[in-house]
Amino acid sequence: MLRRRKLHTVFPNTDIALRLFLTLPVTNASGERSFSKLAFVKNRLRSSMQQERVSNLTLMSIEHDILREMDFKNIIKAFSSKKTRRKHF
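If you use the UniProt record's numbering, the sequence shown corresponds to residues 1 to 89, in order.
For the record, the hints were derived by calculation from the structure and aren't laboratory data. The model shown is predicted, which means the values in this text are computed figures rather than measured ones. Check the hints yourself; a few may be wrong.
Cut-off 25 Å, straight-line C-alpha distance, at most; resulting in silico cross-link-like pairs (SDA-like, lysine to any residue) [unchecked claim]:
hint : residue 1 : residue 2
1    : K82       : N56
2    : K77       : L59
3    : K73       : S61
4    : K73       : L57
5    : K83       : D71
6    : K77       : S61
7    : K82       : R53
8    : K37       : F72
9    : K77       : E63
10   : K77       : H64
11   : K77       : N56
12   : K73       : K83
13   : K37       : Q51
14   : K77       : M60
15   : K73       : T58
16   : K82       : E52
17   : K73       : I62
18   : K37       : S55
19   : K37       : H64
20   : K37       : R53
21   : K82       : L57
22   : K37       : T23
23   : K37       : I66
24   : K37       : Q50
25   : K37       : D71
26   : K37       : L57
27   : K73       : L59
28   : K37       : M60
29   : K77       : L57
30   : K73       : M60
31   : K37       : R68
32   : K37       : E69
33   : K37       : N56
34   : K77       : L67
35   : K73       : Q51
Please put together the full structure from these sequences, using the hints given.
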(Lines of atoms letter the chains of each structure in order from A; the text may use other names.)
(Lines give C-alpha, C1' and ligand atoms only; values in the text may rest on other atoms or scores of the structure.)
Protein backbone atom coordinates (compact mmCIF):
# COMPACT_ATOMS: atom_id res chain seq x y z
CA MET A 1 0.00 0.00 0.00
CA LEU A 2 2.81 2.43 0.85
CA ARG A 3 4.70 1.45 -2.27
CA ARG A 4 1.71 2.04 -4.55
CA ARG A 5 1.34 5.56 -3.22
CA LYS A 6 5.14 6.04 -3.19
CA LEU A 7 5.14 6.77 0.53
CA HIS A 8 7.72 4.12 1.42
CA THR A 9 10.51 6.70 1.15
CA VAL A 10 8.66 9.04 3.51
CA PHE A 11 7.90 6.30 6.06
CA PRO A 12 10.72 3.75 5.65
CA ASN A 13 10.38 2.26 9.14
CA THR A 14 6.63 1.84 8.73
CA ASP A 15 7.20 0.17 5.38
CA ILE A 16 9.65 -2.31 6.94
CA ALA A 17 7.35 -2.95 9.91
CA LEU A 18 4.37 -3.63 7.63
CA ARG A 19 6.38 -6.01 5.44
CA LEU A 20 7.55 -7.90 8.53
CA PHE A 21 4.01 -8.02 9.91
CA LEU A 22 2.67 -9.46 6.66
CA THR A 23 5.27 -12.24 6.64
CA LEU A 24 4.59 -13.43 10.20
CA PRO A 25 2.42 -16.52 10.56
CA VAL A 26 -1.06 -16.04 11.94
CA THR A 27 -0.47 -18.58 14.70
CA ASN A 28 2.60 -20.04 16.28
CA ALA A 29 1.38 -23.64 16.10
CA SER A 30 4.16 -24.67 13.71
CA GLY A 31 6.78 -23.25 16.06
CA GLU A 32 5.24 -25.00 19.03
CA ARG A 33 5.06 -28.21 17.04
CA SER A 34 8.77 -27.94 16.23
CA PHE A 35 9.68 -27.50 19.89
CA SER A 36 7.43 -30.41 20.79
CA LYS A 37 9.22 -32.62 18.24
CA LEU A 38 12.60 -31.47 19.57
CA ALA A 39 11.58 -32.36 23.12
CA PHE A 40 10.35 -35.76 21.92
CA VAL A 41 13.57 -36.51 20.06
CA LYS A 42 15.75 -35.31 22.94
CA ASN A 43 13.85 -37.42 25.47
CA ARG A 44 14.10 -40.49 23.29
CA LEU A 45 17.80 -40.07 22.70
CA ARG A 46 18.61 -38.99 26.28
CA SER A 47 21.04 -36.38 24.96
CA SER A 48 23.64 -39.00 24.10
CA MET A 49 24.17 -37.55 20.64
CA GLN A 50 25.91 -34.46 19.40
CA GLN A 51 23.82 -31.37 18.69
CA GLU A 52 24.15 -31.60 14.90
CA ARG A 53 22.73 -35.12 14.82
CA VAL A 54 19.87 -34.18 17.15
CA SER A 55 19.08 -31.20 14.90
CA ASN A 56 19.06 -33.40 11.80
CA LEU A 57 16.82 -35.99 13.42
CA THR A 58 14.46 -33.26 14.61
CA LEU A 59 14.27 -31.82 11.10
CA MET A 60 13.52 -35.27 9.71
CA SER A 61 10.79 -35.73 12.31
CA ILE A 62 9.22 -32.36 11.50
CA GLU A 63 9.36 -32.90 7.73
CA HIS A 64 8.18 -36.52 7.84
CA ASP A 65 5.65 -35.93 5.04
CA ILE A 66 8.44 -35.09 2.59
CA LEU A 67 10.48 -38.09 3.71
CA ARG A 68 7.56 -40.44 3.11
CA GLU A 69 7.37 -39.33 -0.52
CA MET A 70 11.10 -39.72 -1.21
CA ASP A 71 12.44 -42.65 -3.17
CA PHE A 72 15.41 -43.93 -1.21
CA LYS A 73 16.47 -46.59 -3.74
CA ASN A 74 18.58 -44.13 -5.76
CA ILE A 75 20.10 -42.66 -2.61
CA ILE A 76 21.02 -46.11 -1.30
CA LYS A 77 22.43 -47.10 -4.69
CA ALA A 78 24.60 -43.96 -4.85
CA PHE A 79 25.78 -44.47 -1.28
CA SER A 80 26.65 -48.12 -1.81
CA SER A 81 28.61 -47.36 -4.99
CA LYS A 82 30.97 -45.01 -3.13
CA LYS A 83 34.39 -46.28 -2.12
CA THR A 84 34.93 -46.95 1.53
CA ARG A 85 37.16 -44.36 3.11
CA ARG A 86 39.21 -45.38 6.06
CA LYS A 87 41.11 -42.97 8.20
CA HIS A 88 44.70 -43.89 8.86
CA PHE A 89 46.06 -42.68 12.17
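Quiz item: Is it true that the CA of K77 sits at most 25 Å from the CA of L59?
Solution: 23 Å, holds
Exercise. Decide if the proposed pair is consistent with the structure: K77 and L57, CA atoms, cutoff 25 Å inclusive.
Key: 22 Å, holds
Quiz prompt | Proposed proximity, N56 with K37 (alpha carbon, max 25 Å) | solution = 12 Å, holds
Quiz item: Are K37 and S55 close enough, with their CA atoms no more than 25 Å apart?
Solution: 11 Å, holds
Self-check item: Hinted pair K83 and D71, Cα distance within 25 Å
Solution: 22 Å, holds
Self-check item: Given hint S61 paired with K77 - CA-CA distance at most 25 Å
Solution: Holds - the C-alpha atoms of S61 and K77 are around 24 Å apart, at most 25 Å.
Quiz item: Holds or violated: K82 with L57, Cα cutoff 25 Å?
Solution: The given pair, whose Cα atoms are some 24 Å apart, holds under the 25 Å limit.
Quiz item: For the pair supplied as a hint, K73 and K83, is the alpha-carbon distance within the 25 Å limit?
Solution: Between K73 and K83 the Cα gap is close to 18 Å, so the pair holds against 25 Å.
Exercise. Verify the proposed pairing of K37 with R53, using a straight-line Cα cut of 25 Å.
Key: With Cα atoms ~14 Å apart, K37 and R53 stay inside 25 Å; holds.
Quiz item: Is it true that the CA of K37 sits at most 25 Å from the CA of D71?
Solution: Holds, at roughly 24 Å.
Quiz prompt | 25 Å Cα cutoff - pair K77, M60 | solution = With Cα atoms ~21 Å apart, K77 and M60 stay inside 25 Å; holds.
Self-check item: 25 Å limit on alpha-carbon distance, applied to hinted pair K73 and L57
Solution: Holds, at roughly 20 Å.
Hint compliance for this structure: hint 35 alone is broken.
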